[in-house]
Each structure stands twice: as structure tokens, then as C-alpha cells.
Amino acid sequence: MEKRVHAAAIWLLMLLHGAAFAQGERTRDKMYQPIVGAGCFRRLNGTHQTGCSSTHAGSVGVLHLINVEADLEFLLASPPSPPYAPMIPPHLFTRRNLLRLIEAGPSNISVVLLINKPEKMKQFSHELNCPNQYSSLNNSETCDASNPATSWNPWGTGLLHEDFPFPIYYIADTEEISKLEKCFLKFNNFNYETHALRSLCAIEVKSFMSAAVSSEVCIRRTRFINNLSGSKYCDPLEGRNVYATVYPRNVSSVEAEETELAITSEKFILVTCRLDTASMFDGVGLGAMDSLVGLSILTQVAHLLRELLPPQSSLPDNRRNVLFVTFNGESYDYIGSQRFVYDVERFAFPKSSARRNLITFDNIEFMLDIGTLDDIANIKLHALSGTPLAQKLLQQLNNYAQSPRYGFNLNIQSEMSYHIPPTSAQSFLRRDPKFPALILNAKPANKYYHSIYDDADNVVFNYGNTSQDFTLLPDVGDTKNFKADSLQMKVRNVSSIVAMALYETLTGKEYTGSKVANPVLADEFFYCFLLSADCPLFKAASYPGSPKGLPMPPMRYVSVLGGPQESSGWTYRVLGYLLSQKQPKIPKDNCTILPLHYFAGFNGVGECRLTTQNYSSALSPAFLIDDYDWRSGNYSTWTESTWSLFSARIFLRPSNVHQVTTLSVGIVVLIVSFCVVYIISSRSEVLFEDLPASNAALFG
Amino acid sequence: MTLPEFFGCTFIAFGPPFALFVFTIANDPLRIIILIAAAFFWLLSLLLSSLLWFAMIPLRDVLAFGVFFSVVFQECFRYIIYRILRSTEQGLQAVAEDTRVTDNKHILSYVSGLGFGIISGMFALVNVLADMSGPGTMGLQSGTELFFVTSAAQALSIILLHTFWSVIFFNACDTNNYLHIAYVVGSHLFVSLLTLLNASELYTATLLTNYIITILTGLLAFRVAGGTSRSFKKFVTCQ
Chain Y
1 MEKRVHAAAI WLLMLLHGAA FAQGERTRDK MYQPIVGAGC FRRLNGTHQT GCSSTHAGSV
61 GVLHLINVEA DLEFLLASPP SPPYAPMIPP HLFTRRNLLR LIEAGPSNIS VVLLINKPEK
121 MKQFSHELNC PNQYSSLNNS ETCDASNPAT SWNPWGTGLL HEDFPFPIYY IADTEEISKL
181 EKCFLKFNNF NYETHALRSL CAIEVKSFMS AAVSSEVCIR RTRFINNLSG SKYCDPLEGR
241 NVYATVYPRN VSSVEAEETE LAITSEKFIL VTCRLDTASM FDGVGLGAMD SLVGLSILTQ
301 VAHLLRELLP PQSSLPDNRR NVLFVTFNGE SYDYIGSQRF VYDVERFAFP KSSARRNLIT
361 FDNIEFMLDI GTLDDIANIK LHALSGTPLA QKLLQQLNNY AQSPRYGFNL NIQSEMSYHI
421 PPTSAQSFLR RDPKFPALIL NAKPANKYYH SIYDDADNVV FNYGNTSQDF TLLPDVGDTK
481 NFKADSLQMK VRNVSSIVAM ALYETLTGKE YTGSKVANPV LADEFFYCFL LSADCPLFKA
541 ASYPGSPKGL PMPPMRYVSV LGGPQESSGW TYRVLGYLLS QKQPKIPKDN CTILPLHYFA
601 GFNGVGECRL TTQNYSSALS PAFLIDDYDW RSGNYSTWTE STWSLFSARI FLRPSNVHQV
661 TTLSVGIVVL IVSFCVVYII SSRSEVLFED LPASNAALFG
Chain S
1 MTLPEFFGCT FIAFGPPFAL FVFTIANDPL RIIILIAAAF FWLLSLLLSS LLWFAMIPLR
61 DVLAFGVFFS VVFQECFRYI IYRILRSTEQ GLQAVAEDTR VTDNKHILSY VSGLGFGIIS
121 GMFALVNVLA DMSGPGTMGL QSGTELFFVT SAAQALSIIL LHTFWSVIFF NACDTNNYLH
181 IAYVVGSHLF VSLLTLLNAS ELYTATLLTN YIITILTGLL AFRVAGGTSR SFKKFVTCQ
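In order, the protein sequence lines correspond to chains Y and S.
For the first sequence, full-length UniProt numbering gives the first residue as 1, with consecutive numbering after it.
For the second sequence, full-length UniProt numbering gives the first residue as 1, with consecutive numbering after it.
These aren't lab readings, by the way, just hints derived from the structure by calculation.
Possibly wrong hints are sitting among the right ones.
[What the hints assert, rightly or not] Now the stretches of chain Y that chain S is said to cover, found in silico as 3 or more residues with beta-carbon under 8 Å:
no.: 1; region: 27-36
no.: 2; region: 194-208
[Stated by the list, open to error] Partial list, computed: chain Y residues near chain S (C-beta under 8 Å):
no.: 3; residue: P350
no.: 4; residue: A354
no.: 5; residue: H658
no.: 6; residue: I667
no.: 7; residue: V669
no.: 8; residue: V677
no.: 9; residue: V686
no.: 10; residue: L687
Even for Gly, the Cβ is constructed at its ideal location relative to N, Cα and C.
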């Protein structure tokens, strides 16, 4: 009896134990763990597809951590339980290794994970050696991919233009990486020979791309009359250029819509730069050095000219003006500048809704294009041929760059040849090699060109957070506590030089003042675009009391129609704010119709300003022309595939042995139970003998 | 769970009930109707238990509470279906083509028990199956690979147990054998609470106990339905 009580007590204890620990929990949550990251996606041009896609149901691979190059050999030499998903740190994410993984085939390598462990990384650029080679000047001297000394991106691997048969997933967060590593160590990283016999930690990446082959094919399929569901396979890369003038232009009368009437004798100096950047992964990539430095210099030059120049009427030639244009989509075969050239050629710029007189090529005096300025000690002024205009501007630039009064101590060299950097000016020179385009560009020194690592660290940006008024111009000696070799001071110096040279060109007089560009403005500008859109500069350039920017940098990829377009939106506001004139007499209520716009201003109290900025479309002309020949290479043909989701999760992949065992046990149970039940039911009268006679055939 | 695992588990859990259905139920429309009716009554009991669980907000996380009342409701509905079947016996006799159903009362209890069991096993397993679409198996954060097979075996034992319980229960109600009724309710409660131990992955302990009880209950049901050791001997030796 006592034993029974004991047994009952033990059972009771166990039940209580179970009751305390048993909680309702979804089985799925115990099996899968989501992994947050960014996916590589597919882009197409007129002839090819590039990027990656998973299989339709999602690609599954067994995790394998690659620490040294030799670890890859295990995966490439008939691994025991394929397919695998190597986790590769950036210093091993090289062209050679990736091509070997492609060669191993999707049956061996199904997913590639790039993990954010940049300690050993020396370089990381997957753009071509010659960016935008096929939409630049067709000349071997412009860029030679085989010769790193003269190519524009010597560290480029060109992987951005490869087509991968597996998805590539970038995992930036260290917590997510440690999840993966833990799982790999716990389940996979021992006894490699028995991989086939046990359950292994695996990852599933879903990033199926609906477009395939080329832009031509996917646009045709989207427009196909049988496409009744209306599904889209791809969208053209599309964004907005932002332009503004230093002097406001007259509003054209409504009647003057005839082109002949609208053409004027205005003269514009075009100052341009690139607005966008590119990277392999969706939503990551700031393009700090490859394009943001140029944009910051353009903004500073614009602001400085706005503050320094006398009224337009007092210029020696009062028809002169400066037109600042930031082109979008330049990373993808100069979408923005090609469209600009296309529009200007067809008398369609600015668009009629802007209600300004047309600008034609005859109105453009010359173009100063700000390219990539990786190393400001090595800036060169490029032009196709050594015209007097180029000589004069070079001499003006150097006059200020070397002047002891300002102490910039820079020397700007010149190169008058076909060795032209891959900047927006290429689109203009391609139309007309005689076009007066001058390009400021430094010797390439960016080892992270067009990559996820071209960030604040790459340009050595430390936020000063001075809280000072960035709209005031300081004296040249006032460095606002920024070190001489800081990014802020470099930008200040270059933009001051450019602005002073343009000042001299416009006024015909040498600049003798002591005011220079404000390093605080550069500081705030980089903070907004590299660290957080919730920042003083963006706040000042918005309507008072408008919602704050997100606490993350704006996305600078050109994207597609309906994309976020954050970067062009903020550039529009910032250029609008910095290039506008304060109208203290106009009250807030009357300040509603453009060009009048109400800004919060530095203090946030609000001020009415006369603005000049506007958008123009940055959609490649290839998508406007009927029956465009996609293979002609005249215009950018880049499209982006559509996709439904990016997701990744880790789990245990059962071994084949386990699956086969389960299935066989199930089949055996099924067959045995059929036999047993049949025998019992056919002979039930024997088994249940106590039944009445009529019930003998119980189970008949 | 992968496709082979899915079929393996399904065959384990539903292979034997399917065989029973094919050979003993499918050829008689009346039995099918009773099977479905029993399943419906089990669903009603599930509805009531879930309503109670839903209403008792502070006790939602205490699974033992829900399990206890679920068992109580199931046994109540077993009694209700017993009353209904007994009160409709006359009508059944009139419509039945095959009079064995009404002549042997154990057939009715067996059929309704199987209906109870199948639907209960389905609900036990389908919840697990529904979460299993995808390429993974159990064991990443906790649990073992054997989770699915265990669940399937558990579901099978519950299906068989329900069949046996109904046979015993109906007979006990007919003969006022309160000991048997107490055994049915008690073992049902015990088996259900036992599954809570699965949370601590004591699969061998729970499954083993479970199947011991299943066999014992099966033997009792065999006795109740008129089987003896002598008849079993005759059956085995093919006399």
C-alpha cells in the first residue's frame, strides 16, 4: 500500500511539474528563427540580367562559416550534404571566390550569406573597373578596364554586373550573425563526415524575382495583351533630378508657350553633380565618398554664391545665371543626365508646368561638373580639349586654391584628353564632343566605391554637433573647431574655391572678401545624409512643425516609380532653402504659392523665402521612345525586377535518413494495420464468442 | 517538416483508424452517419472547452486547467451521445438495412467511439501539421527531431483509447457499472494530463505509459465486448 502511495505521489509531482512548465506555444516558433538582413535583387538592362534571385519556393542551404579561404574548399570538393550556404566575411567576398561558388552550381551552393565582419577587409567595391563604360564616350582612352592605372575604379570586381544563380543575403546586425554562428557551431561544426546522417542547421532565403532575361523581354511581357492579371515583372529605374538657379527666373506668360517665343537670351553656367549611389543590397549603401561629397560641395557652392553675389542687375552681363542640377540615377548609365540632355534638345526643359522660359543648349555657357573627390589633394580639371575657357577657369581656381590669403594650399591640375571620368558630363559630351564641359574630379582613391561600406567611416566623418547657425558665412580664419584635415574643412575649402572662381567668372572681378563656406553646414549636411534624417538642416529646410525625418539616413538609390525618393526630396528642400532669398515683408498667410515658400529656418520660427528649385524627371528616354532598339546602347535601359518579399529564417533541416525512416515507419504501420484489421473483421465471430448468433458477423 | 516526414506521420496516426474505417464502417451508411454524428458531438465539447478557456482570462496560460475541463466536457458529451443513441434505437431499427447494428449494442458504441477518436486525433495533429509547412524540422531552439513522430503516435493512442472508452462507457451505462465509468473518466484525465509532460521532453515516459494504458483499456474493452482468453486462443490458433 505504501508503495502505491509513493508511486502516486511521484506521478502527482511529475504532473504538477508538467503543468507548471507547459505553456501554449506555436510549434512554428520553436522550429524557425527569422534572420534580419538585406537581399540582393535583380536588375536588367537591354541585353542582360544581373543580381540574384532565390528559387520560387525559397532557397535552402546548410550553414557553413568561412573563416579562411581554405574553408571554401570543403564546400567546393563534393560536400557531404549539399546544398550549402556559406557565410562569407567581406574580405573573402572576392570575384574569384564568388565565381568558384557559381561554378559549383546550385545543387552544391544554394545561398550565399555576407556577414558584416569587416575587420580584415581592405577593399570592397563591386562596381566595374570602368563604371558606366557603355554609356560613356566610346574611346579606349576614356577608361581601360585592363589597365588599373587609368581605370576609374581600380578596386572594382564587377560583381554588381554578374548574374548569380543563388540569392545573396547581407546580414549587418551582430546579434543576427551570432545567432547564425551559434546554430552553426551547435549543429554543423563537428564530424563533417556524418553530415548526411544528422539534422543540420540550415537557412532559407526567399527573394524570388519575377523578371528574367532582359529589360526588353520583361517590358514586353508586362505590356503583353494576354497579361490579364496586370502583373508587373519589372519597373524602369526612375527618380527625380533636382535643379535650382542662383537668381530667380521670370515667370513666363501663359501665352508664350510657343517654343520660338519662349527661347530667350539667358546665359547659364551649369553646375552639376550626381544625386544617387548604388550598392548590391536593397536599402543599404550611403555612397558617402562616391557621390555625397560631390553633392555637399554643390550645395555649399550654391549657398556661398547665393550669399556673395550682387543682384543680377548689377552683373556686367545681367542675362547670366547659374543653374545647379543634381542628376539622379547616374549610377545606372547616366539616367538623369541622359534625360536632361534629351529634354533640352527637344525644347522640353523646364517642363511647361514650371512656367519658366525654355533652356536650350544655346543658353548654356559652360558646364562645371563635380565628380568624385576622393582625395582633395589630387583634384584635376578635366576637359576634352584645352580650350581658352578651360584654361581661364583653371587659372581662376588655382588663384584661389593657392592664395596665401585663404591658405587652402591646394593645387588643381588639369587633364585635357579623352581620359574623362564617369560623370554626368559624359552624356553631354556624347551628344556633342565640342560641348564646353569641365569636370572636377580627383584621382580614384575610394576602395569602397558603390558598396555598402562607403559610409561615414569611409570618409572619416565625426559629427561636430556645434548647434551653430549654418547659414551664416564665417571668416576664413574661423574654423569652428574643426581640424584642418577633417571632412568638414576639406569640403569647405573645395567649395569656397569653386564658388570664388564662379564669382569671378560672373562678376568679372576678383573675389577679395574674407567670407568662406561654412564648415558647420558641411557638418550638418553629412549628419543628415549619413547618420539621421532627423537633423537640424532638414528641419530648417522643412515647413515649420512638419513631421520629423526618420532617425536613419535617407535612401540614396534611384529606385523606381513609387519608390521612397527620400534623397531627391531632401535635396529639393535643402537646395530650395539655401538658394532662396528671404522675404521678411511677406506674412506667412501670403507665402503659399510657389516660388514663395515658407521654411522653418534655423531657429524654427518660420520665414518666407523666394525659391528657385524644382524637379525634373529622371526616367531614361529609352522608355519614352516607341520601338526603341534595346540593343542600341543609346540610352540607359536599366529596370528593376519586382518581388513579393525578402525573408530569411534558420531551422534544422532533417537528414535524409531521418525522413526515410519516418516515412517507412508510417508505411509499415499502415500496411500492418490493414492486415490486422482485415483478419480480425473477417473472423470476428471467433473472437467475440459471447455474442448472440445473429450478431456473429459483427464486422461483416 | 518535409514531405516524407509529413506522410510518415500521417500514416502512423491515421493508418490504423483508416483501416478500421475501410473494413468496418464504410460499407454501412448508418455507421457512417453515426460516426459523423459522434465527431460532431466531440466538436461541440471542444467548442464548450474553448469558450471556457476564453472566458477564464487569468487561467489562460495554465494548460492543466483547460485540459481538466476539456476532459470533463468530452465525457459529458460521451454520455449525451449515449442517451441519444439509446433513445433512437427504435428509429434506427426501422431504417437499418442491416439489423446487426441494433442487435449488437457494442457496434453502436464502437462506431461512435471511433468517431470521437478520429476527430480528436485530427485536432491533436492537424494543429501541429499546420505549423509544419516548410523545410525545417523540430529542434532548433528546443525539442527534438522525434517531436513529430511522437505527436503522431500520441494521436494514434488517443484515437484507439476513445474507441475503447466508448465501448466500456456505453456498456457500463447499460449495466450501471460505476467502476467502469470511473475508470474511463479517470484514465482519460490521466492520459490527458500526462501529455503536459511533453513540454519537458519526457517523450519516452509519456508515450510508454500512454501505450500501457491503451493496451489495458483495449483488453478491458475486449472483455466487455464479449471476448475471452479462450476465444482469443481459438482466434490465434485459427480454429
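Results for each hint:
Counting residues of the region 27-36 of chain Y whose CB lies closer than 8 Å to any CB of chain S gives 6, which reaches the minimum of 3, so the coverage claim holds. Only residues whose beta carbon comes within less than 8 Å of a beta carbon in chain S count, and the region 194-208 of chain Y has 4; three or more means the coverage holds. At about 54 Å, the closest approach between the beta carbon of Y/P350 and any beta carbon in chain S exceeds 8 Å, and the interface hint on this residue is violated. Evaluation of the Y/A354 hint against chain S yields a violated restraint, the C-beta minimum of about 53 Å exceeding 8 Å.
Using the Cβ-Cβ criterion of 8 Å, the hint placing Y/H658 at the interface with chain S is satisfied: the shortest such distance is roughly 6 Å. Taking 8 Å as the C-beta contact cut-off toward chain S, the hint placing Y/I667 at the interface holds, the least distance being around 6 Å. At about 5 Å, the closest approach between the beta carbon of Y/V669 and any beta carbon in chain S falls short of 8 Å, and the interface hint on this residue holds. The beta carbon of Y/V677 is positioned within 8 Å of a beta carbon in chain S (closest approach about 4 Å), and the interface hint is therefore held.
Below 8 Å, beta-carbon pairs count as interface contacts, and Y/V686 has one with chain S at about 5 Å; its hint therefore holds. With its C-beta approaching chain S no nearer than about 5 Å, Y/L687 sits inside the 8 Å limit, and its interface hint holds.
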